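2 protein chains.
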Amino acid sequence: MPLADDVLRGDFLAISRGISLVENAAPEAREVLDALSSRVGGALRVGLTGPPGVGKSTTVDELTAAFVARGEKVAIVAVDPTSPFTGGALLGDRIRMAKMAEGGRVFMRSMATRGTPGGLARTTQDAADLLDASGRTIILIETVGVGQSEIEISRASDCVIVMLSPESGDGVQAMKSGLLEIADIIAINKADRGGADRLEHDLKTAFELGLRSRRDMPIVITEAIRGKGIPELVAAIDGLIAARRGSGAFQERRRENMEDRIKQIAEFLIQKNLWDANGAGRKVAAAAENVLSRRQSPYQGAQDLVREVLR
Amino acid sequence: MPLADDVLRGDFLAISRGISLVENAAPEAREVLDALSSRVGGALRVGLTGPPGVGKSTTVDELTAAFVARGEKVAIVAVDPTSPFTGGALLGDRIRMAKMAEGGRVFMRSMATRGTPGGLARTTQDAADLLDASGRTIILIETVGVGQSEIEISRASDCVIVMLSPESGDGVQAMKSGLLEIADIIAINKADRGGADRLEHDLKTAFELGLRSRRDMPIVITEAIRGKGIPELVAAIDGLIAARRGSGAFQERRRENMEDRIKQIAEFLIQKNLWDANGAGRKVAAAAENVLSRRQSPYQGAQDLVREVLR
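Top to bottom, those sequences are chains P and Z. Counting along the first sequence from 1, when you hit position 309 you're at 308 in numbering that gives the first Met the number 0, and nothing is skipped either side. Counting along the second sequence from 1, when you hit position 239 you're at 238 in numbering that gives the first Met the number 0, and nothing is skipped either side.
In short, the hints are calculated from the structure, not lab data. Keep in mind that this is a model prediction, so the values were computed, not measured. C-beta atoms are modelled at their ideal positions from N, C-alpha and C, and glycine is treated no differently. One should not assume that every hint holds.
[As the list claims (entries may be wrong)] Computed beta-carbon distance windows for the label pairs:
no. : chain 1 : residue 1 : chain 2 : residue 2 : range
1   : P       : Asp196    : Z       : Glu207    : 53 to 59 Å
2   : P       : Gly41     : Z       : Arg197    : 50 to 56 Å
3   : Z       : Lys203    : P       : Thr204    : 50 to 56 Å
4   : Z       : Gly177    : P       : Gly278    : 28 to 34 Å
Let's have the full structure, built from the sequences with the hints guiding it.
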């Protein structure tokens, strides 16, 4: 199919169109993804998350520059799980895109996935597949760390960098919120504000005491706005990936992620089948009426409905 | 069943135990909810949401005091979609609980629903059903307005108060984020900071220009920390509910909410059936292997899986 062919040639416009199809849950999205599936798997997918204001965009830009300098073909997918915008670039991204246009070496895309059928993880992974098939070698997936989004970025990535800053109790908040649980590497940014060493020490203590499997968690101190610590962060990513490829952990994580992903897609397909079917709306309305008139609990109503629609 | 009987008598400990069962997705939760279903429907469910720091807790406290003063039996359910804590009271709630213990007239519960199977809406609605059956007459559901949570609070409530403050661009942010779309009443809090009239004017203009169906949106200016505007907010709720009961819109919304809820529960039950079934894990693993070895796209793998498990 022509669009898939253009994606395979690495054409930025074709990739953009493909991602828009994915975002809009268009039927053609399936066709493109199916057509490309034998060419997916070569790119490294690096997630990057952290609280608002920690410096994610700056760090992504600096990482990108470092990767481009050594010949990688980088794509950036910025996922905003809280924004209702879809399909377009956000203001901040336009500025960054202009800055990085440099001969079209970097593909950059914002995805606003709130309300997308099937959720953030599904559309982000589909977009990453398109980019992967297009020949990009590193896909940076950036998302703000709120709510469920960090769990989903973890499922979409080969490794996750969690960014914290020494200010405003990020460390404690991160421990409480579960952000640390998905970290493969921690970057303490804004080292110039002071307190970075203290935060590093606190994190190390926490890992020693509580999170035993994380005892060897790489912690990198950065000052992204001045490019400081970026080579060390790149080295941490390279080292982690090399070690995991050697031990088989890399492929194991891809397998786990793919199992999760297939389950999510299966649930999405079933839901579509259920509620798009003929007469489904009438059956749901009847079940709701039963509950509202106190003849059944919502669970009994739903169970009867499931029996009927799956029959 | 004994627990259900104790809930019906309005016993706070029994209600608490019931909600914990719901949070933990325990099998007994179903039994309790089924046993109580014929006694659910009498309570008014009022959602209250807005950005962090807008004064939601204070407003809920003041509303509660006003409702208690006129003889209502109030329950507060504070939902934190970003917190991984489950089943326990958060620090802030402890302070508030102590303040409101006043003879056990108010039931207060925090629910941390991140990662709960089936999501925030399902567990919150189940908890509200328990409280409803226990004889509470008003259930205030408070949640921070981030991500998907406000859509879910709207589904769980008879009406939703969206709180904004004049500072920090809450208004613009609310318009952009879709928060206004779920509002039945708007409360502009922190009127003492200045700018409340301006925000009210901006909102009215926006409703006139863009959101036609919201032209008559009640907007109340409050200063909750001093109790100012609370009688007006109570009057706005009473007026809205009375009008909707008169027009049939109240029951219509309950019907829509219940249809959504039954669909959500049906999806939850199907997912449980799918993945808890014998051999499901092996089938998922085989599908993932097919995709990782580039024989199929994730969608093809998921579709085959669905066919097989639903057969």
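Consistency of the hints with the structure:
With their beta carbons about 55 Å apart, Asp196 (chain P) and Glu207 (chain Z) fall inside the hinted range of 53 to 59 Å. With their beta carbons about 54 Å apart, Gly41 (chain P) and Arg197 (chain Z) fall inside the hinted range of 50 to 56 Å. The given range of 50 to 56 Å is respected by Lys203 (chain Z) and Thr204 (chain P), whose C-beta atoms sit roughly 54 Å from each other. Checked against the given bound of 28 to 34 Å, the beta carbons of Gly177 (chain Z) and Gly278 (chain P), roughly 31 Å apart, stay inside it.
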